[in-house]
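S.K.: Chain residues, written in single-letter form:
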Amino acid sequence: MTDADYFGLLGVERRWRLDRGALERNYLERSQASHPDGFIGQDSGTQRAAMERSSQLNQGYRTLRDPVLRAEYLVKLGGTDLDSSDPRTGAPKPSQAFLIEMIDLRERLAEGDVAAVREEIEARAEQALDAGIAALDRGEVAEAARELVARRYFQRFLDEVDASEERPT
Amino acid sequence: MAYSTKVIDHYEHPRNVGSLDKNDEDVGTGIVGAPACGDVMKLQIKVENGVITDAKFKTYGCGSAIASSSLVTEWVKGMSIDKAMEIKNSQIAEELSLPPVKIHCSVLAEDAIKAAIRDYQQKHGTPAAE
Numbered sequence: 001m002t003d004a005d006y007f008g009l010l011g012v013e014r015r016w017r018l019d020r021g022a023l024e025r026n027y028l029e030r031s032q033a034s035h036p037d038g039f040i041g042q043d044s045g046t047q048r049a050a051m052e053r054s055s056q057l058n059q060g061y062r063t064l065r066d067p068v069l070r071a072e073y074l075v076k077l078g079g080t081d082l083d084s085s086d087p088r089t090g091a092p093k094p095s096q097a098f099l100i101e102m103i104d105l106r107e108r109l110a111e112g113d114v115a116a117v118r119e120e121i122e123a124r125a126e127q128a129l130d131a132g133i134a135a136l137d138r139g140e141v142a143e144a145a146r147e148l149v150a151r152r153y154f155q156r157f158l159d160e161v162d163a164s165e166e167r168p169t
Numbered sequence: 001m002a003y004s005t006k007v008i009d010h011y012e013h014p015r016n017v018g019s020l021d022k023n024d025e026d027v028g029t030g031i032v033g034a035p036a037c038g039d040v041m042k043l044q045i046k047v048e049n050g051v052i053t054d055a056k057f058k059t060y061g062c063g064s065a066i067a068s069s070s071l072v073t074e075w076v077k078g079m080s081i082d083k084a085m086e087i088k089n090s091q092i093a094e095e096l097s098l099p100p101v102k103i104h105c106s107v108l109a110e111d112a113i114k115a116a117i118r119d120y121q122q123k124h125g126t127p128a129a130e
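Chains A and B are the protein sequences, given in the same order. So the first sequence is numbered by our numbering: it starts at 1 and just counts up by one. So the second sequence is numbered by our numbering: it starts at 1 and just counts up by one.
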C-alpha cells in the first residue's frame, strides 16, 4: 500500500471521530478511479495494481465505517493487534477477576433471567467501547486495548445468548 | 472449517463438564481466557496424595477450545500433579489434529491446567514451580 494506513488511503484524519461524509465521498471517488474496468487493455502489472488498490479501498472502507473495527484498527496502528495472542504485541490478558465474572455470567444465564443479563451486558459492552474511544482520544493505546478486549468478551457473551435463543428446544 | 473427528467427538460428548467446590482444600481452580476471541475456560482438579483424582471443566468458546479442555481433563485423571504440569499444548494439538489457526485453543488448555495446579499448590503453601 502506498498510503501508510486506511486513514491515509481514504483521505480522512487519523482519529476515531471521523468525517463520515468525507469517508463516503473519497471511497466512491477513489474506487472509481482504480476500478479494474478502467484498466482493460493495459499491461498485467498495472491491472493487478488497480485490483489491489480496489481491494484495499474496500477493506479500508469496511474497517473505518464500523465504530468498533475503527477503534480496534487505531489500537493496531498503535502497536497492539487484538487479533493476536502474542504476549507482547497481541491482545492484553484480562484480570483473573474479570474472567471469573465471565464464568459467573454464564452461570447466571443458565439459571434463566436472560433478558436482564443481556441488557446489563449490552450496556457494559457499550461502556467498554466508549471508554476505549476516550482512551484513544487521550492517546492511551494500552488502556484502549484493555477496554476493547473487555468489549470483545462481552460481545462474545452476547453472541452466545443469541445462539442459545435461536436454538430450537 | 473442517474439524477433525476427535474434536467433533469431544465437542458433542464433552467429558467431565461441571464444577468442583473451589473452596475445597483439595481442589485447584484455573481460569484462563483468550483475549483475541473472548473464549473463557475454567478447569478444576481434585488432588489426593499428589495425584489428580478428578477433573472438571467449563469452557465457553469454540469447538476446539471445548475439545482441548475436555481432552486434558481426561488425560490428567490418575496423573501426578508433577506429570500434569508437563503437559504441552503441542501434545493436545497433535492428539486433536488442530489446524494452525486453532493452536491457541490448545495453549489455553495448557495454561488452564497449569493455573489449576498452581492454585492447588498455593492453597497448600507449596511454592509454585516455574
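Wrong hints could be hidden among the right ones.
Stated by the list, open to error - Derived DEER-like restraints, expressed as beta-carbon distance ranges:
hint, chain 1, residue 1, chain 2, residue 2, range
1, A, 111, B, 24, 21 to 27 Å
2, B, 100, A, 62, 22 to 28 Å
3, A, 17, B, 91, 45 to 51 Å
Stated by the list, open to error - Partial pick of chain A residues on the chain B-facing surface, computed with a CB cut under 8 Å:
hint, residue
4, 22
5, 23
6, 25
7, 26
8, 30
9, 88
10, 91
11, 102
12, 104
13, 152
14, 158
15, 164
16, 166
Claimed, not checked - Cross-link-like lysine-lysine pairs, in silico, DSBU-like; alpha carbons within 35 Å at most:
hint, chain 1, residue 1, chain 2, residue 2
17, A, 93, B, 83
18, B, 123, A, 93
19, B, 22, A, 93
20, A, 76, B, 46
21, A, 93, B, 46
22, A, 93, B, 56
23, B, 123, B, 46
24, B, 77, B, 56
25, A, 76, B, 83
26, B, 6, A, 93
27, A, 76, B, 58
28, A, 93, B, 58
29, B, 77, A, 76
30, B, 22, B, 123
31, B, 56, B, 22
32, B, 123, A, 76
33, A, 93, B, 88
Since the hints were derived computationally from the structure, they do not count as laboratory data. Beta carbons: idealized from backbone N, C-alpha and C, even for Gly.
S.K.: Against this structure, judge whether each hint is valid.
M.R.: Here's how the hints hold up against the structure:
no.: 1; hint: 111/A x 24/B: 21 to 27 Å; result: 22 Å, holds
no.: 2; hint: 100/B x 62/A: 22 to 28 Å; result: 25 Å, holds
no.: 3; hint: 17/A x 91/B: 45 to 51 Å; result: 48 Å, holds
no.: 4; hint: 22; result: 32 Å, violated
no.: 5; hint: 23; result: 27 Å, violated
no.: 6; hint: 25; result: 34 Å, violated
no.: 7; hint: 26; result: 31 Å, violated
no.: 8; hint: 30; result: 31 Å, violated
no.: 9; hint: 88; result: 13 Å, violated
no.: 10; hint: 91; result: 4 Å, holds
no.: 11; hint: 102; result: 5 Å, holds
no.: 12; hint: 104; result: 10 Å, violated
no.: 13; hint: 152; result: 5 Å, holds
no.: 14; hint: 158; result: 10 Å, violated
no.: 15; hint: 164; result: 11 Å, violated
no.: 16; hint: 166; result: 17 Å, violated
no.: 17; hint: 93/A x 83/B; result: 27 Å, holds
no.: 18; hint: 123/B x 93/A; result: 24 Å, holds
no.: 19; hint: 22/B x 93/A; result: 22 Å, holds
no.: 20; hint: 76/A x 46/B; result: 41 Å, violated
no.: 21; hint: 93/A x 46/B; result: 26 Å, holds
no.: 22; hint: 93/A x 56/B; result: 23 Å, holds
no.: 23; hint: 123/B x 46/B; result: 12 Å, holds
no.: 24; hint: 77/B x 56/B; result: 10 Å, holds
no.: 25; hint: 76/A x 83/B; result: 39 Å, violated
no.: 26; hint: 6/B x 93/A; result: 29 Å, holds
no.: 27; hint: 76/A x 58/B; result: 31 Å, holds
no.: 28; hint: 93/A x 58/B; result: 19 Å, holds
no.: 29; hint: 77/B x 76/A; result: 42 Å, violated
no.: 30; hint: 22/B x 123/B; result: 11 Å, holds
no.: 31; hint: 56/B x 22/B; result: 11 Å, holds
no.: 32; hint: 123/B x 76/A; result: 39 Å, violated
no.: 33; hint: 93/A x 88/B; result: 20 Å, holds
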